[in-house]
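Q: Next come the chains, spelled out residue by residue.
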Amino acid sequence: MPKDNETIDAQPRKKLVQVKHLKQYFNPGKPNEVKAIDDISFDIYEGETFGLVGESGSGKSTTGRSIIRLYKPTSGEILFNGKDISKIKHRDMLEFRREMQMIFQDPYASLNPRMKVKDIIAEGLDVHHLVKNDQERDARVNELLNLVGLSHDHATRYPHEFSGGQRQRIGIARALAVQPRFIIADEPISALDVSIQAQVVNLLREIQQEQNLTYLFIAHDLSMVKYISDRIAVMHNGRLMELSTADEVYNHPLHPYTKSLLSAVPLPDPMYERSRRRKDYDSSIEFDGKPRTLK
Amino acid sequence: MEKILDVKNLKINFSTFAGQVQAIRDVSFHLNKGETLAIVGESGSGKSVTVRSIMALLANNAHIDGGEIDFKGQDILKMSPREIEKIRGNDISMIFQDPMTSLDPTMPIGKQVAEPLLIHGSMNHANAMARAEEVLKLVGIDNAKNRMKDYPHQFSGGQRQRIVIAIAIVNYPEILLADEPTTALDVTIQAQIIDLMKDLQHKIGTSIIFITHDLGVVAGIADRVAVMYAGKIIEYGTVDEIFYDPKHPYTWGLLNSMPTLDTSSKRLYAIPGTPPNLLDPPAGDAFAPRNPYTMEIDHEAMPPFFKVTDTHYAATWLLHPDAPQVDPPLAIKKRQAEYRELLASGQIGSHKAKEVDQNA
Chain S
0 MPKDNETIDA QPRKKLVQVK HLKQYFNPGK PNEVKAIDDI SFDIYEGETF GLVGESGSGK
60 STTGRSIIRL YKPTSGEILF NGKDISKIKH RDMLEFRREM QMIFQDPYAS LNPRMKVKDI
120 IAEGLDVHHL VKNDQERDAR VNELLNLVGL SHDHATRYPH EFSGGQRQRI GIARALAVQP
180 RFIIADEPIS ALDVSIQAQV VNLLREIQQE QNLTYLFIAH DLSMVKYISD RIAVMHNGRL
240 MELSTADEVY NHPLHPYTKS LLSAVPLPDP MYERSRRRKD YDSSIEFDGK PRTLK
Chain L
0 MEKILDVKNL KINFSTFAGQ VQAIRDVSFH LNKGETLAIV GESGSGKSVT VRSIMALLAN
60 NAHIDGGEID FKGQDILKMS PREIEKIRGN DISMIFQDPM TSLDPTMPIG KQVAEPLLIH
120 GSMNHANAMA RAEEVLKLVG IDNAKNRMKD YPHQFSGGQR QRIVIAIAIV NYPEILLADE
180 PTTALDVTIQ AQIIDLMKDL QHKIGTSIIF ITHDLGVVAG IADRVAVMYA GKIIEYGTVD
240 EIFYDPKHPY TWGLLNSMPT LDTSSKRLYA IPGTPPNLLD PPAGDAFAPR NPYTMEIDHE
300 AMPPFFKVTD THYAATWLLH PDAPQVDPPL AIKKRQAEYR ELLASGQIGS HKAKEVDQNA
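Going down the list, the protein sequences come from chains S and L. If you're matching positions, the first sequence starts at 0 in numbering that gives the first Met the number 0 and goes up one per residue. If you're matching positions, the second sequence starts at 0 in numbering that gives the first Met the number 0 and goes up one per residue.
Certain hints may be false.
Said to hold, decoys possible - One-sided and incomplete, this derived list gives chain S residues near chain L with beta-carbon spacing under 10 Å: (1) Phe103; (2) Val200; (3) Arg204.
Hints were generated in silico from the structure; no laboratory data involved. For glycine and all other residues, C-beta sits at the position ideal for the given N, C-alpha and C.
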């Protein structure tokens, strides 16, 4: 419908992150060269949740780590808020790090066991000089604890005193402390129990609405990704296979790899499971160089 | 159907610095020959401890404070370590969760697969290696003959889990205990491993106890399901009964908090709160503080099992004749409606048929 397109064009959404022809090779030129990311491009719009799914080894975590500048790209560029992140000067790095935060997969390994919860959460506040005194610091920590559904008497405890779901909430509070615009969540729920996963996903969604955050949500659990994402990209062997809205990717997948991946997702429905047929995928079509058309 | 394993009134406590953790609080279940029983529950619900007790693999600070585990007319809990060693890895074997840490990194995989055969003295070395190769082929390791001398690090995660399964089935065990065998794997590899286990069950007639917290996997593999919460089984029944006609509010919550591909609502149902501390378990229904349908009696007395059908039991006061009628969540009502339709159209065998089967 051209009319709809016009209205969309009239108010173009702002691109917060642009990935252009990104390549990330490890050990380039050596016999053990690994092409972790092989020429991918996509944009993430402000305020949306962009889901990135793929199997282990597909390059989805490497993509997240490249965007937050933990790696130097082999080639290609990543723009954040219109600026090339590899050209950010040293003195502007602090500000970049504040705007972009990460939530990690393993809530057991990603919190320092020898720091109190309030110091874990406030570390970013200290680094970025966002609070003037201890009083303000404690107030801000309490505010964050409330935001993620913990209480202020948790502040003086250590990470080992918390369950996995609670630790993940601490990880989220830590990421939010510095008021970022963009959060990369790398498999934030895959280490959690089913009943706790839903709690954390709902929390991430609420906070997004309150603070107008943009998420890159990396996961291999496709049913959860569909839930939280506006658009989804499917990665395999370091390349993008398919990118569309969450509904399109789920209900009308085009790429045979996406179809194969979806056919492997088990659902809590015995009748469906009895009739489910897995679709095999032959990855050679990614490399055979033959042109393809939409069927 | 013949019962191959019968666990009765099992109670297990752990001594910790903080006190006695009541990990298993009176658990009873049985395993029929040739079936797959899935035990579902959150971490800390006691599902792993239950199966480890069957293998006598509990930590030193665990005490078994009651109950029996009946295997072929013998109580496993009363056996000497020697007697248990004869059973372990022979009649009953186990697939562990993490394929990365459950293999010996310094031993070629062929030798690791053949080890149970050699330990149980059922074969000489050459025959054991031949059987190991055969089993590795069976679990789908390509070029098994040449890969026997390779080490675990030379295999991918999915292949390693296949090797772990090969070790578990090399003696053609009567019971296979699988403790979250696919949790560490990708969905595509997970689907392959589950197909493999179903196929193997068909070929060697093993009974399987499958532990997981993933209800999707359960729907695909289980014949019967037991749901555990806070050290107790709270509901059990056939896979159709548990998924289409669940009775316990905890089972409702679990099924409701899983996103399905057709759910369009933007907010997921989440069970509020966290599981209770088993250092000091509540007197009543352990799920009561998180239960939106809670009644006064839930806090006072532990609910007994109420019979739903001959194969389906649930421990919730809601099934008591005096309890008020409650409205289950919408998603559960949909499942129940679907179930009635399936039963009426004969697409699912009614439980009556299965009951006859069991008594035979």
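Q: Indicate, hint by hint, whether the structure satisfies it.
A: Hint check results:
no., hint, result
1, Phe103, "violated, 17 Å"
2, Val200, "holds, 6 Å"
3, Arg204, "holds, 7 Å"
The structure fails to meet hint 1 from the earlier list, while all remaining hints are met.
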